[in-house]
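Protein chains: 4
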Amino acid sequence: MIKVGVVGGAGYTAGELLRILANHSQVELSFVQSSSNAGRPIHAVHKDLIGDVEGDFSAELDLEVDVIFICSGHGKTQEFLSSNDLPSSVKIIDLSNDFRLKAEGNDFVYGLPELNLEAIKAAKHLANPGCFATAIQLGILPLASHGVLTEDVHVNAVTGSTGAGQQPGRTTHYSLRNNNVSIYKAFNHQHLGEINQSVKQLQSDFEHDIKFLPVRGNFAKGIFASLYTTVSATEEEIVNWYKEFYKDAAFVYVLDEAPDMKQVINTNKCLIHVEKHGDTVLVTSVIDNLIKGASGQAVQNMNLMFGLDQKEGLRLKSSGF
Amino acid sequence: MIKVGVVGGAGYTAGELLRILANHSQVELSFVQSSSNAGRPIHAVHKDLIGDVEGDFSAELDLEVDVIFICSGHGKTQEFLSSNDLPSSVKIIDLSNDFRLKAEGNDFVYGLPELNLEAIKAAKHLANPGCFATAIQLGILPLASHGVLTEDVHVNAVTGSTGAGQQPGRTTHYSLRNNNVSIYKAFNHQHLGEINQSVKQLQSDFEHDIKFLPVRGNFAKGIFASLYTTVSATEEEIVNWYKEFYKDAAFVYVLDEAPDMKQVINTNKCLIHVEKHGDTVLVTSVIDNLIKGASGQAVQNMNLMFGLDQKEGLRLKSSGF
Amino acid sequence: MIKVGVVGGAGYTAGELLRILANHSQVELSFVQSSSNAGRPIHAVHKDLIGDVEGDFSAELDLEVDVIFICSGHGKTQEFLSSNDLPSSVKIIDLSNDFRLKAEGNDFVYGLPELNLEAIKAAKHLANPGCFATAIQLGILPLASHGVLTEDVHVNAVTGSTGAGQQPGRTTHYSLRNNNVSIYKAFNHQHLGEINQSVKQLQSDFEHDIKFLPVRGNFAKGIFASLYTTVSATEEEIVNWYKEFYKDAAFVYVLDEAPDMKQVINTNKCLIHVEKHGDTVLVTSVIDNLIKGASGQAVQNMNLMFGLDQKEGLRLKSSGF
Amino acid sequence: MIKVGVVGGAGYTAGELLRILANHSQVELSFVQSSSNAGRPIHAVHKDLIGDVEGDFSAELDLEVDVIFICSGHGKTQEFLSSNDLPSSVKIIDLSNDFRLKAEGNDFVYGLPELNLEAIKAAKHLANPGCFATAIQLGILPLASHGVLTEDVHVNAVTGSTGAGQQPGRTTHYSLRNNNVSIYKAFNHQHLGEINQSVKQLQSDFEHDIKFLPVRGNFAKGIFASLYTTVSATEEEIVNWYKEFYKDAAFVYVLDEAPDMKQVINTNKCLIHVEKHGDTVLVTSVIDNLIKGASGQAVQNMNLMFGLDQKEGLRLKSSGF
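So the protein lines, in turn, are chains U, V, X and W. Under my numbering, the first residue of the first sequence is numbered 2, with each subsequent residue one higher. Under my numbering, the first residue of the second sequence is numbered 2, with each subsequent residue one higher. Under my numbering, the first residue of the third sequence is numbered 2, with each subsequent residue one higher. Under my numbering, the first residue of the fourth sequence is numbered 2, with each subsequent residue one higher.
Wrong hints could be hidden among the right ones.
Said to hold, decoys possible - Simulated pairs of lysine-lysine, DSBU-like, Cα-Cα distance not exceeding 30 Å:
#1 V:K48 x W:K248
#2 U:K201 x U:K122
#3 U:K48 x X:K201
#4 U:K186 x W:K244
#5 V:K103 x V:K48
#6 W:K122 x W:K248
#7 W:K201 x U:K277
#8 U:K248 x W:K248
#9 V:K186 x U:K48
#10 V:K201 x X:K201
#11 X:K186 x X:K201
#12 W:K4 x W:K103
#13 W:K186 x U:K277
#14 U:K312 x X:K48
#15 X:K312 x U:K48
#16 X:K48 x V:K186
#17 W:K277 x U:K186
#18 X:K312 x V:K186
#19 X:K48 x U:K248
#20 W:K186 x W:K201
#21 V:K312 x W:K4
#22 X:K201 x V:K277
#23 X:K186 x W:K4
Unchecked claim - Computed Cβ-Cβ distance ranges for the label pairs, DEER-style:
#24 V:E237 x W:K122: 32 to 38 Å
#25 W:N189 x U:Q79: 32 to 38 Å
#26 W:S90 x X:G40: 16 to 22 Å
#27 X:Q79 x U:D280: 56 to 62 Å
#28 W:H209 x U:E245: 15 to 21 Å
#29 V:D86 x U:Q79: 55 to 61 Å
#30 X:K103 x U:K4: 49 to 55 Å
Said to hold, decoys possible - With the C-beta cut set under 10 Å, the calculated list includes, among others, these residues of chain X facing chain U:
#31 E17
#32 R20
#33 L64
#34 H147
#35 V149
#36 T163
#37 F207
#38 K270
#39 L317
#40 K318
Treat the hints as calculated values from the structure; they're not laboratory data. Cβ atoms here follow ideal geometry from the backbone N, Cα and C, with glycine treated the same way.
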């Protein structure tokens, strides 16, 4: 059994992680740390976990673990690692964006299994990708792998309210968000860094823009991303590139028809559809932002890092509706 | 022209009031006070009012007005009146619950036009009813007027998120409220006081319970109330009582079939349906919580207090969908 | 492995059943019959099942199975059994309401495990309870078991749109249903038969009414039921009755605070809360209408009928949000 | 008073038209034709119109009218005009797409007031623009008027379910549409014809693509359109172009901050925001699809055709929430 600790246990990604780990056959939960909730039952915060996860949030870490998931929010992992001296035997899976970009002294492997499978298997420290970044990369990387990204890529992606975290605020107030649509961080979202990094890993000469409009949708979970660019290959060729690229992927499916977002909700799947219109290739990519876009992918990475089947604990029943 | 001032201008009921007054042919807006937003344009807060309402929120009152609407929230009207010496010529319409209950020294008329029409016309100070209280009273008062409430009345009413005000919080967080239902203040809602007061005004021997379950719905606007009790009269008789009771009402309609809540959204209407099942009479009553349940009714009361047609400014286009 | 056949495989309950069975360790899917979709891939209809369930809908039955789930809709099971001569070795789990009421010649066991555990274990033919019926019975049966139902029981229950099936129609049109509430079949819902039957099984002298208002909610999945009646025992006593009644139940939890409906979505759980207000006991009961209210409970019953752990295949990750 | 007839009176656009006309001071409703509902009260179909619109649907036309609105659906106006010999004195406002494109013998003026004001004032036959077409043109025409569209224009626009009409179907089924997103008619929507026609009216050398992805949103009303292209002028210059272009427009506002879609719901407004990111100009444009995108614009056109103030009958209270 893998002994697991969770840091920052009261937020949305930690909740989703605990929901998944509760039914993971190879995991034993050692501690769930939360400074704001220490001493309270875990299901006092993640209320749906009643009957699934016993125990209380702890203030302290238990360092006798095999792996720690850090769910503390962006900027806080660096802080956490500075203030805590983790034994070198403890693997780290970080859900924040602190270590996603390659840099001098950063030994975290970027945890997109469809891109970095072997490196992930060998990783000790892993930076789990962002939610938008996952949907967009899975939509675009097969093109990069063929070196055909020679124009700007146009991306529009709609996300659910859980992407904004659990802190209540203006844009997540039900009265405003319900039946509403709005854009934020136009062309400037922080996930563009990791997306460009991965694209260049496969196509080093890529020098165009990924023009990305992030959109707030009026639903709680999910990301619907559409991407298009100019590519001269035929639809059939491109579809085959995608099928080839994902032939061993555990959770990515290339569909024959455009997906509804809700086909993936509550699963670790990514569904992709490719169609050609004139010179333009249009790719649709849908994920659950908290699962394949966060905690599900983190467990997929854990499975790889510990030599388990990628799907262990991730054969999740879709919401359906 | 009636010179109007608004106190507590940044909240939901004030916004809805301004939306209505913007197209009221007999109103001139003198000031919109907001301590938290003084100096900002009104449409910086109520953003949909762009092009409809010019001017800024003010810190101060302008006492050269004919009427002041107080939209400051429960408990704050008493405070406001203590700290401000209003000229006796200024009428007051208070949307809070501070003066709804009769008490020694309370000269506020309870502003349910279907109950207190003549008193409202003569009122100088008016206490505007609560949202749930409006839907429930309009559903039950015709029975009280016939003195047939001799058993408990069972009420379930679902309200939209705007009923909870604009301050973000746990129960109005989109991620939680979306696709959710929950109950609060079971059998204990603060509107029961005014409801019982009105029922006893018509049927002084009423001594049973109004058992009221308030429910949080996953929509922004509207109240859907169902009420039932035991009454021996026939359905036809009861329907006639309702039609008679509301024959001069400007905004209440007794329908032949059960309503959808959304038939009234964005209007000042109340739709009522009555059906008999055995000895049980079931009444459905639907309103827009912010209009007939708050600001629309406040304008209806203003119209009455100033001798205008009740419908002035309140011929509102329904949302439809 | 249990060989399973599904009849009426294209509807919502069949889809949900297939989502659950796909991850059930003891099940082998033999056939999924659908006359309207014979020959099409199963995931062409239940699109989220891509990667989870292979194979096509069949026109024919394969009688070499251990159990058949009948998901054909109300009234059609009788028809099906008349036209098909099933071997006596094949167990039947019927999701329709055709055999829920005891009658001369009806050998179907009513499949509410919290009520009929031993009978279910021994059953060959099983009638799976209705969705509203499940939520309401689980809310009320502990009172019946103590014989304290001596007044009418007042029930209001809100259901999601999937309860109306997949055939598009007026009341499931998005434009109408969104942000709407309405009542249907007031005091007259077809599930009252089975509810009364179970109540009388535990309290044979029950002769009052269960006054049930079914409500259409604007969400896709879930049932939120509130129930109240007059009981003289204290809150503490009653809570203890509930905890005792459900002490061995695999999926029912008695909570310390009132539930949100969404705590159970995508699970087979039923969450129950009990509180006392004066002489009135208020019970809240929430389930996922398609899981504990249909296909999940059907699998729970299958597990019991085949001697498996009740939770097998039903440790489902909650949607969370 | 303008005598008005409505053809095809039972659909969504007719309902919205009747909601608006009910409060139009210069209009007298002569007939509302509907073959499928002839003889039924108008508020039996458009149920929220109770108390606002009396009278029944008629099978026949009354040709003693000043103007007929045709709301029959695409392709049916041509049919209608062939089978009915309208007096030449009757003006026609057609909400279908039958006459939007210039063609030999087509004397319908394209009714976008911000583009064709004078022609509309003089028009006898008017083709009312499509909903997407309105939002997109209002977002792009100021650029065309300066001749700066020298690259492809990238458009993503999300629409509510009312855009799909009242006939229930798969994509408007609540269970599917709720919490969902999907794309349809990618790069190929029928409104592209009228959009290109208008762009070329202002910039005759435009020869690039308007790459338009139409998206199904999970709300009933509204369109949220984002558009971007490459323009070298500064943000300040471009914003000034927009303000100048719309300086006399009755319903278009150029905002200082990006809009929420719901700011315009239930109004005839179009809100526009312009921002520059590097060489890319991003325009956001939001409307209510049934009002500025259909029936409200039709009334605005009627006002112009009859010499009235454009805003007559269109000072609509916003939904707010």
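**Message:** Of the numbered hints stated earlier in the document, which are not met by this structure?
**Reply:** 3, 5, 8, 10, 16, 18, 23, 24, 25, 26, 28, 33, 34, 35 and 37
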